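Chain by chain, the residues:
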Amino acid sequence: MFFLLATLAVAASIGMLVARSPVSSALWLVLTMFCIAGLYLTLNAAFIGVVQILVYAGAIMVLFLFVIMLLNLSALPELSDINWTWGAAFVLGIGVLSQLLYMVALEFDLGVEPVSAEQAATSGSAESLGLMLYTRYALHLEVAAILLLAATVGAVMLAQRRFE
Amino acid sequence: MEVALNWYLSLSAVLFTIGTLGVLFRRNAIVVLMSVELMLNAVNLTLVALSQSMGDASGQMLVFFAIAVAAAEAAVGLAIVIAIFRSKVTVDITEIDLFKG
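Sequences listed follow chains E and S, in order. Take the first sequence: its position 1, counting from 1, is numbered 1 in the working numbering, and each next residue is one higher. In the working numbering, each number is its position in the second sequence, counted from 1, plus 164.
Think of the hints as simulated: they come from the structure by calculation, not from any bench. It cannot be assumed that every hint is accurate.
[Unchecked claim] Computed Cβ-Cβ distance ranges for the label pairs, DEER-style:
(1) S:Trp171 <-> E:Thr152: 31 to 41 Å
(2) S:Trp171 <-> E:Ile94: 16 to 26 Å
(3) S:Lys252 <-> E:Ala105: 42 to 52 Å
(4) E:Arg20 <-> S:Asp261: 20 to 30 Å
(5) E:Val62 <-> S:Val233: 11 to 21 Å
(6) S:Lys252 <-> E:Ala121: 47 to 57 Å
[As the list claims (entries may be wrong)] Reference listing, derived: stretches of chain S covered by chain E, where coverage requires no fewer than 3 residues with Cβ under 8 Å from a Cβ of chain E:
(7) 170-181
(8) 184-196
(9) 209-217
(10) 222-229
(11) 233-244
Quick caveat, the model's predicted, so the values are computed rather than measured. We treat Cβ as the ideally placed atom computed from N, Cα and C, and that holds for glycine.
Model the full assembly from the supplied sequences, consistent with the hints where possible.
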């Protein structure tokens, strides 16, 4: 199950990278989000998986598609990618990937024993996360609420004004 | 857990790299923002994998707040794209060069 979802996620994100039109990029990214949500479910993190589908695939990607629709990008000429930056970008990408995989390959000692699937299901359930969210992380929740409000107001202000 | 933790970490490294390449390759500002979302998702996957294998739910709280901040970031970023589109009628990031003297 993991390998199926992982292959699909990588394939869909490459599809997002090479798709010509931004609409198909967005739809490939939606597929990637669903695969990542499925991966959360294989990790027994049910709550985060559902939040991933609701917020990312549901809200954020609809926002992206809405803006693409609003700007009517299909009326614009298609952007051809510049050739000379490809080499540099590719080298940088390979550098980032090899660095990250090197860190994974080091197999650093976490200092704790891996827990069983039952324990993982308990720690990933909505009940235990909700309990933490409203006790230990209550202040963080308030700050996140204020941040979202400020972002909403700021986004409306930014999109409304016309600057020369 | 039947699949080793390292597979999850490697997958998120690959997804992060694809996101980086998207930011570097593409010229459409909206696709660049989508690639940033993909990078955020890759990091979230790392956090959830480590959190679940260590049995500590704090990592998942961090992911929860990261998703909230990502939603705010997407909203503000797209509002900036709309504002730029109104003044310059383009979403090509190579043509947005107000600082270029």
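Comparing the hints with the structure gives:
1. Separated by about 38 Å at the C-beta atoms, S:Trp171 and E:Thr152 satisfy the suggested range of 31 to 41 Å.
2. For S:Trp171 paired with E:Ile94, a C-beta distance near 21 Å keeps the hint of 16 to 26 Å intact.
3. Taking 42 to 52 Å as the suggested C-beta distance range, the pair S:Lys252 and E:Ala105 conforms, at roughly 45 Å.
4. For E:Arg20 and S:Asp261, the hinted distance range of 20 to 30 Å is satisfied, since their beta carbons lie about 24 Å from each other.
5. Between E:Val62 and S:Val233 the CB atoms are about 18 Å apart, so this pair conforms to the stated range of 11 to 21 Å.
6. Checked against the given bound of 47 to 57 Å, the beta carbons of S:Lys252 and E:Ala121, roughly 51 Å apart, stay inside it.
7. Counting residues of the segment 170-181 of chain S whose CB falls under 8 Å from any CB of chain E gives 11; the rule of at least 3 is met.
8. Check on the segment 184-196 of chain S: 10 of its residues sit with their Cβ under 8 Å from a Cβ of chain E, so the three-residue criterion for coverage holds.
9. For the segment 209-217 of chain S, the proposed coverage by chain E is satisfied: 7 residues have a C-beta within less than 8 Å of a C-beta in that chain, meeting the threshold of three.
10. For the segment 222-229 of chain S, the assignment as covered by chain E holds, since 6 residues bring a beta-carbon within under 8 Å of that chain's beta-carbons and 3 suffice.
11. Under a criterion of three residues with beta carbons nearer than 8 Å to beta carbons of chain E, the stated coverage of the segment 233-244 of chain S is upheld, 11 such residues being counted.
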